[in-house]
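Colleague: Here's the letter readout for the chains.
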Amino acid sequence: MGRTADANRRRPAVAVVALIALLTAATGPALAQTAPIRDYAEPALIDSRLAVWVAAQLHLDFAAFVLAVPMFALAIEIFGWRMARRDPAAAARYDWMAHEMARLLPAAYSLTAISGAFLGMLLFSAYPRLMAYMTETFGPTFAIYPLFFVAETLCLYFWYYSWSRLQGDRKWAHIALGLLLNVFGTIVMFIANAWATFMMTPGGVDEAGALVSLYDAVWNPGWMPLNVHRLIANITFGALLCAAYAAYRFLSARTAAERALYDWMGYTGNLIALFTMLFLPFAGYYFGFELFAYSATYGVTLMGGVLSWLFIIQAIVIAILFIGAAYYAWLGLLRIPGSEPQRRLVPVFNVALIAGFMIWATPHSMAASIEESTGQFHPLLGALGLMAPKMIAVTLILVVLYVSYLLYRRAGKVPVVPWAKTGTQIEWGLIALMALTIFGLGIYGYFAPADVRIQTSIWQILVLIGGIVVTFVIDLYLLKGAETRAAVRWGTMPRRGQYILILLAFVIVWLMGLMGYARSGARLNWHVFGLVQDTSASAGLPTLGEAAIVVTTITLIFFALLGIAFAISSLAGRDNLPEFGDAAREAVT
Amino acid sequence: MKSTPKRSWLPLPVGAALIVILAFVALKAIRPVIPHSVILLYMGFIVLGVVIHITLEDTRINRFWDFFLSRPGEGPGLKAQRLAMLALLPLAAGWWAYDSVRPRYAPPVEIFQRHPTVGEATLSRIVVPDWAAVPAAWRAEDVAAGKAIYQANCAVCHGEKLDGNGPAAAGFRYPIRPANFQDVGTISQLTLPYVYWRLTTGGIQNQFNSAMPRWVAAHGDAQASSQLSNDLTPDEAWQVILYLYRETGYTPRQEALTDHTGH
Chain A
219 MGRTADANRR
229 RPAVAVVALI
239 ALLTAATGPA
249 LAQTAPIRDY
259 AEPALIDSRL
269 AVWVAAQLHL
279 DFAAFVLAVP
289 MFALAIEIFG
299 WRMARRDPAA
309 AARYDWMAHE
319 MARLLPAAYS
329 LTAISGAFLG
339 MLLFSAYPRL
349 MAYMTETFGP
359 TFAIYPLFFV
369 AETLCLYFWY
379 YSWSRLQGDR
389 KWAHIALGLL
399 LNVFGTIVMF
409 IANAWATFMM
419 TPGGVDEAGA
429 LVSLYDAVWN
439 PGWMPLNVHR
449 LIANITFGAL
459 LCAAYAAYRF
469 LSARTAAERA
479 LYDWMGYTGN
489 LIALFTMLFL
499 PFAGYYFGFE
509 LFAYSATYGV
519 TLMGGVLSWL
529 FIIQAIVIAI
539 LFIGAAYYAW
549 LGLLRIPGSE
559 PQRRLVPVFN
569 VALIAGFMIW
579 ATPHSMAASI
589 EESTGQFHPL
599 LGALGLMAPK
609 MIAVTLILVV
619 LYVSYLLYRR
629 AGKVPVVPWA
639 KTGTQIEWGL
649 IALMALTIFG
659 LGIYGYFAPA
669 DVRIQTSIWQ
679 ILVLIGGIVV
689 TFVIDLYLLK
699 GAETRAAVRW
709 GTMPRRGQYI
719 LILLAFVIVW
729 LMGLMGYARS
739 GARLNWHVFG
749 LVQDTSASAG
759 LPTLGEAAIV
769 VTTITLIFFA
779 LLGIAFAISS
789 LAGRDNLPEF
799 GDAAREAVT
Chain B
-19 MKSTPKRSWL
-9 PLPVGAALIV
1 ILAFVALKAI
11 RPVIPHSVIL
21 LYMGFIVLGV
31 VIHITLEDTR
41 INRFWDFFLS
51 RPGEGPGLKA
61 QRLAMLALLP
71 LAAGWWAYDS
81 VRPRYAPPVE
91 IFQRHPTVGE
101 ATLSRIVVPD
111 WAAVPAAWRA
121 EDVAAGKAIY
131 QANCAVCHGE
141 KLDGNGPAAA
151 GFRYPIRPAN
161 FQDVGTISQL
171 TLPYVYWRLT
181 TGGIQNQFNS
191 AMPRWVAAHG
201 DAQASSQLSN
211 DLTPDEAWQV
221 ILYLYRETGY
231 TPRQEALTDH
241 TGH
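For the protein sequence lines, the chains are A and B, in the order given. Residues in the first sequence are numbered consecutively from 219, following our numbering. Residues in the second sequence are numbered consecutively from -19, following our numbering.
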């Protein structure tokens, strides 16, 4: 009995020891090795790819905006600062415009951070295996990225909120803050681009995917082309959004002065967008060229295969962007009394632009019914649908746009330099020579093998850029001290021009979404091309129709959120409007 | 801006309508026919150009709308043109509606991919033999062997001149006729492994919409020979490819870089 009681007393202790032993036995092997990583999860309760797609695109849209606006806003601010002594009124106007362009930044920056955090959480929870691999490869960059992000945040908020405080003698400090903001912002983008491009064109790893060189993983073949492409595209994107904001303000303006200022701001936004758009096709070709060089699969997928029809849509959307921007610029001639000689040429430009874009958008392979099918390349359309004629078309379109701009500069002005007539003849002669050379190179490239064809397209671009630089320098000297017959009447732009600016903003956001789909979709069934396969249930490429619906939804969400940012920024009240006197009317820069 | 009473012999809306109609008729008249999808694309641009032209000047906009208002003392010609224009729009809309719902017997339009997408994994498994990898080093006897195989097996569809016009070509029409290798848009755009994949996989990878057979021998079939069937040995397939390039004068695109370790 005593033994029994003793045993009973000891029973709980035995039970505890046994339980611990049991638990140790059960969990020991599991604890001894790394916890298994799941391949996929659905934390958002919807298809993870769709959730990541929406979050990533929204993040990119906001990031593009907050990265780009400080670039040209700072440039405008510096421009105003430099003329502060010469023309304080004009300087105040430039300063006002730079600040007005930056108005949406603080709220937009918060939305960038929120969408970025949301994207990060989704990625790590929905794609644990992929993100484990990315963390293993890019660990150090994951650590420094937030540091630059914080630095960018500090610079942005200080830059924006110290605007009125750091004026006058302290303006240099404000400019320095803006410069730092741009430097940090660019670094942040470049780091994120390294991850994105590594997934497309991995470098710095061995055949099994193990890291060999972090430097090569960052500077992978697609990195610099995407950096260049995004840098330029972001500026176009931000400038068009600022132009749309100005258009909205123009349409809701109550006074003529307000209308004049926002007309000027919309014009500037469109001009910046148009200027950067000139370089975008070539930045795109550069990126595509590197992708093709990395793997022919990309070339076939993007240009001849499953994504080839996306590029027809892209061509149409780009055409709308260019035509819309040109239309706005042509309408702008109405602001300048005495611009009739220039306006007479616009119908010719219109025909050239439309014809050029018809070639640019011609599909190489047709969507034909059985009655229409010839079964072969169409003798006419098949020839137009190739790269060489498209390069001729797009490069000559850019020549037309550039000439439109030269005419805009010339409108209402009479050159006073003694060599004005000869100078004008040389200028136009050079432009004609440039166009002919571009055409000739394109014809030569059409019959040449693929590698030579790519070379000729590079030469076409160089001829275009060289021609623009030379003729623009001539034009600068030609119009030096030119007599102004009639000043620009800001605020008299037709309302339809403002609606065009709003349309262009919608189009650029949509286009950015479409190209995001193309860039990610081109990897097909790979998370990291050739290294980490996508084995999830949604590994298949979404159809173009599905992509169009998602991209449109993202665009609408983006504008809804931007509207909220706009409402928040409006709570702060409006700045005092600067005077828009005669001196500002020269602003055809 | 007040409209200027400019009266040209052709009212602006009539001129605009004529440009659109003439462009449409011209596009429809081109032979071989241009597919409806492309005409729609082109017409979209042309209409856009016309709208831009009209809306570039306030005076033009006013002239456009003024045309639709009758004025006392106007001639019968102008009135007839106005009525014709007013009738044109509902008629065009009606035709469009009818055309889009009328019964058709053709299969739905298919977006055809000229160069079907193939996975990197598949392409990277295709090894180009040394003797076929460098165009400058191609041997004449391999090209000649390729020519013999081509003429015995391929020319019936793809043509003696490699122009896609062989005797049997007319039998294939939709969605695609045999490829025309002389066209700059075919083999000159592609790498050697891709062309090999296309030849040895045939048309069946693309939803059975091409009649191109699989020109490939069963694995380990030592007796495979192009002279007996459509079983090409790998070497024979490469010889045919060499012949295609040599005969057309094109060179293959650069091959893929598969080295992940650097650039």
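Keep in mind that the hints were calculated from the coordinates and are not lab data. Beta carbons are placed, not taken as given, at the ideal position from N, Cα and C, and that holds for glycine. Fair warning: there could be bad hints in the mix.
[Claimed, not checked] The following residues of chain A were derived to be distant from chain B, with all beta-carbon distances above 12 Å:
no., residue
1, Pro261
2, Thr371
3, Thr404
4, Phe510
5, Met521
6, Leu525
7, Ala544
8, Trp548
9, Leu599
10, Leu648
11, Ala650
12, Ala755
13, Ser787
[To be verified] Derived CB-CB ranges, DEER-like:
no., chain 1, residue 1, chain 2, residue 2, range
14, B, Ala132, A, Thr770, 33 to 39 Å
15, A, Val446, B, Pro214, 37 to 43 Å
16, A, Thr770, B, Leu20, 17 to 23 Å
17, A, Tyr375, B, Met65, 31 to 37 Å
Colleague: None of the hints should be skipped; say for each whether it holds.
Modeller: Now for the hints, and whether the structure bears them out:
no. : hint                            : verdict
1   : Pro261                          : holds (29 Å)
2   : Thr371                          : holds (33 Å)
3   : Thr404                          : holds (22 Å)
4   : Phe510                          : violated (8 Å)
5   : Met521                          : violated (8 Å)
6   : Leu525                          : violated (8 Å)
7   : Ala544                          : violated (9 Å)
8   : Trp548                          : violated (6 Å)
9   : Leu599                          : violated (6 Å)
10  : Leu648                          : holds (28 Å)
11  : Ala650                          : holds (23 Å)
12  : Ala755                          : holds (18 Å)
13  : Ser787                          : holds (32 Å)
14  : Ala132/B / Thr770/A: 33 to 39 Å : violated (53 Å)
15  : Val446/A / Pro214/B: 37 to 43 Å : holds (42 Å)
16  : Thr770/A / Leu20/B: 17 to 23 Å  : holds (20 Å)
17  : Tyr375/A / Met65/B: 31 to 37 Å  : violated (59 Å)
Against the hints set out earlier in the document, violations occur for numbers 4, 5, 6, 7, 8, 9, 14, 17.
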